[in-house]
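Engineer: Residue numbers (my numbering), protein chains in the order written: chain H, 1 to 237; chain S, 1 to 237.
Just so you know, these hints were derived from the structure itself, not from any lab. Treat each hint with caution, since some may be false.
Note: identical chains are not told apart, hence a pair may lie in one copy or across any two.
Keeping only pairs whose Cα atoms sit at most 27 Å apart, straight-line, the calculated DSS-like set for lysine-lysine is [stated by the list, open to error]:
#1 Lys45 <-> Lys94
#2 Lys193 <-> Lys39
#3 Lys39 <-> Lys67
#4 Lys130 <-> Lys33
#5 Lys222 <-> Lys33
Treat the numbers as computed from the prediction; the structure is a model and nothing was measured.
There are 2 protein chains.
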Amino acid sequence: MPEQLTYYGNKTEIALHEAQAQYTNCDVDFENKPDWFVKVNPAGKVPAITYGGPSVPPDQPSPESAKIAESVIILEFIADLYPSSGLLPSDPVKRAQARFFIDAVNNKFNPLAAGWMRGGPVNGLVEAIKTLQALLPEDGLFAIGDEFTIADAVIAPAWARLRLIVDKGIGEEFFAQNIIAAREALESPELAKFVAYGNRVLERPSVKASWHEDLVAPYFEKRFDKLLKSLASTHSV
Amino acid sequence: MPEQLTYYGNKTEIALHEAQAQYTNCDVDFENKPDWFVKVNPAGKVPAITYGGPSVPPDQPSPESAKIAESVIILEFIADLYPSSGLLPSDPVKRAQARFFIDAVNNKFNPLAAGWMRGGPVNGLVEAIKTLQALLPEDGLFAIGDEFTIADAVIAPAWARLRLIVDKGIGEEFFAQNIIAAREALESPELAKFVAYGNRVLERPSVKASWHEDLVAPYFEKRFDKLLKSLASTHSV
Ligand SMILES: [Ca+2]
Numbered sequence: 001m002p003e004q005l006t007y008y009g010n011k012t013e014i015a016l017h018e019a020q021a022q023y024t025n026c027d028v029d030f031e032n033k034p035d036w037f038v039k040v041n042p043a044g045k046v047p048a049i050t051y052g053g054p055s056v057p058p059d060q061p062s063p064e065s066a067k068i069a070e071s072v073i074i075l076e077f078i079a080d081l082y083p084s085s086g087l088l089p090s091d092p093v094k095r096a097q098a099r100f101f102i103d104a105v106n107n108k109f110n111p112l113a114a115g116w117m118r119g120g121p122v123n124g125l126v127e128a129i130k131t132l133q134a135l136l137p138e139d140g141l142f143a144i145g146d147e148f149t150i151a152d153a154v155i156a157p158a159w160a161r162l163r164l165i166v167d168k169g170i171g172e173e174f175f176a177q178n179i180i181a182a183r184e185a186l187e188s189p190e191l192a193k194f195v196a197y198g199n200r201v202l203e204r205p206s207v208k209a210s211w212h213e214d215l216v217a218p219y220f221e222k223r224f225d226k227l228l229k230s231l232a233s234t235h236s237v
Numbered sequence: 001m002p003e004q005l006t007y008y009g010n011k012t013e014i015a016l017h018e019a020q021a022q023y024t025n026c027d028v029d030f031e032n033k034p035d036w037f038v039k040v041n042p043a044g045k046v047p048a049i050t051y052g053g054p055s056v057p058p059d060q061p062s063p064e065s066a067k068i069a070e071s072v073i074i075l076e077f078i079a080d081l082y083p084s085s086g087l088l089p090s091d092p093v094k095r096a097q098a099r100f101f102i103d104a105v106n107n108k109f110n111p112l113a114a115g116w117m118r119g120g121p122v123n124g125l126v127e128a129i130k131t132l133q134a135l136l137p138e139d140g141l142f143a144i145g146d147e148f149t150i151a152d153a154v155i156a157p158a159w160a161r162l163r164l165i166v167d168k169g170i171g172e173e174f175f176a177q178n179i180i181a182a183r184e185a186l187e188s189p190e191l192a193k194f195v196a197y198g199n200r201v202l203e204r205p206s207v208k209a210s211w212h213e214d215l216v217a218p219y220f221e222k223r224f225d226k227l228l229k230s231l232a233s234t235h236s237v
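The following block holds chain H by itself, in its conformation from the complex (with noise of 0.2 Å):
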């Protein structure tokens, strides 16, 4: 299962676990991918869900069950199933609220932490950690208050990742003092507030269970190393 398809699955497998809910897992190689695929998502992505319709086995997908495509749309789709679970709360403000921070994770947190992530300066991920900071409630233990929703689902897989290379130092050589900032920064009383929150997130058993740092090192190991071998070779030109 390469790595990219695990950090949007991550999402999914964490709601789900979240609501205790029965499913069958599928690993989809994505480099070979299945002919039967395109019947569960024609546009090839994953995750994808196939929900309801006859008992089948994952590779013979019924014409009979609905397909559910996009992690977000997957991630509130399961929090309807399951009302209970918590994952949306039932308040219109709090639902408001979670989908703006998931809106924030994905259109201001992701490309600014990925800007730090393709070796740039570590103040793009420091004011990629504000803008969320500033969305976190006074008190309360999660994104928006003290129970666990879909939005802490949805940073739980960046933040892990980002976790992972700052702690363990993957790609040093590749970040240079980019590194050391930013464990600097993750360090500092600015950043205190969303770190402890971060580390809850972590703490939490779905996210736990959903975690596969067997698979997450290495893929950054190697592709930290591409990206030095690739500025080397742009350098020596």
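Since the structure of chain H is already known, use the hints to place chain S with the ligand on it.
Structural biologist: Coordinates of chain S with the ligand only, in the frame set by chain H:
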């Protein structure tokens, strides 16, 4: 009220109308944004709504009200507040379908249609329409079935503008043959299903009530004039 603001505001207006919600509308002059608006949306974007708290004039927002921004989040909020409006059905699969349609409008239809609006060939527009047409139910009046939902509220303002431009030939000097090609495409059998759907959406009372042709038409006339002039000056250099 500049037209660019009514475009996003339209979706909110349509949903509020469908929900028969009581609300106070407040137009914000985006080019001379009033100081108080930062209290409604720190990001400064419209539409934004306040909900709850004491009864106050819109230009004196209370710190006790909830502030909600981002047009899709506002639509979900209105659907949550008014479940009997049918803006989102209760069936989780139907809700996921509405969200998938909205995602396709925002991430596929709009970028493709925008390419045509900048002078691109009609193929992009045809592809944009076909993408949504493929999502329409076999039978059913609207995007996900017989009920008017937030999915229809999202496509309505974009479709109304497109039809206005094509039907009235706004910007025809800028578009040249691209506008004739678009008119022919909208009359062709291959897009007939979507065009019939689009017409039904535009006939919806909530959509009609939020449509301001007197603002939209001059906005586009100016915009295409400007584009035409910038093209002419590029060519003469
Ligand atoms: Ca989006």
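Engineer: Each hint needs a verdict: does it hold in this structure or not?
Structural biologist: Each hint, compared with the structure:
With identical chains, the CA atoms of Lys45 and Lys94 are at most 27 Å apart between copies only, with a shortest distance of 20 Å across copies and 30 Å within one. Proximity of Lys193 and Lys39 under a CA criterion of 27 Å is satisfied inter-copy only: 23 Å between copies versus 44 Å inside one chain copy. For a Cα distance limit of 27 Å, the shortest separation of Lys39 from Lys67 inside one copy, 8 Å, qualifies, whereas the shortest one across copies, 41 Å, does not. When the C-alpha separation of Lys130 and Lys33 is checked against a cutoff of 27 Å, the pair qualifies only between copies, where the shortest distance is 25 Å, while the shortest distance within a copy is 39 Å.
Taking CA atoms no more than 27 Å apart as the test, Lys222 paired with Lys33 passes inside one copy only; the shortest distance there is 22 Å, against 49 Å between copies.
The earlier numbered hints are all upheld by this structure, with none contradicted.
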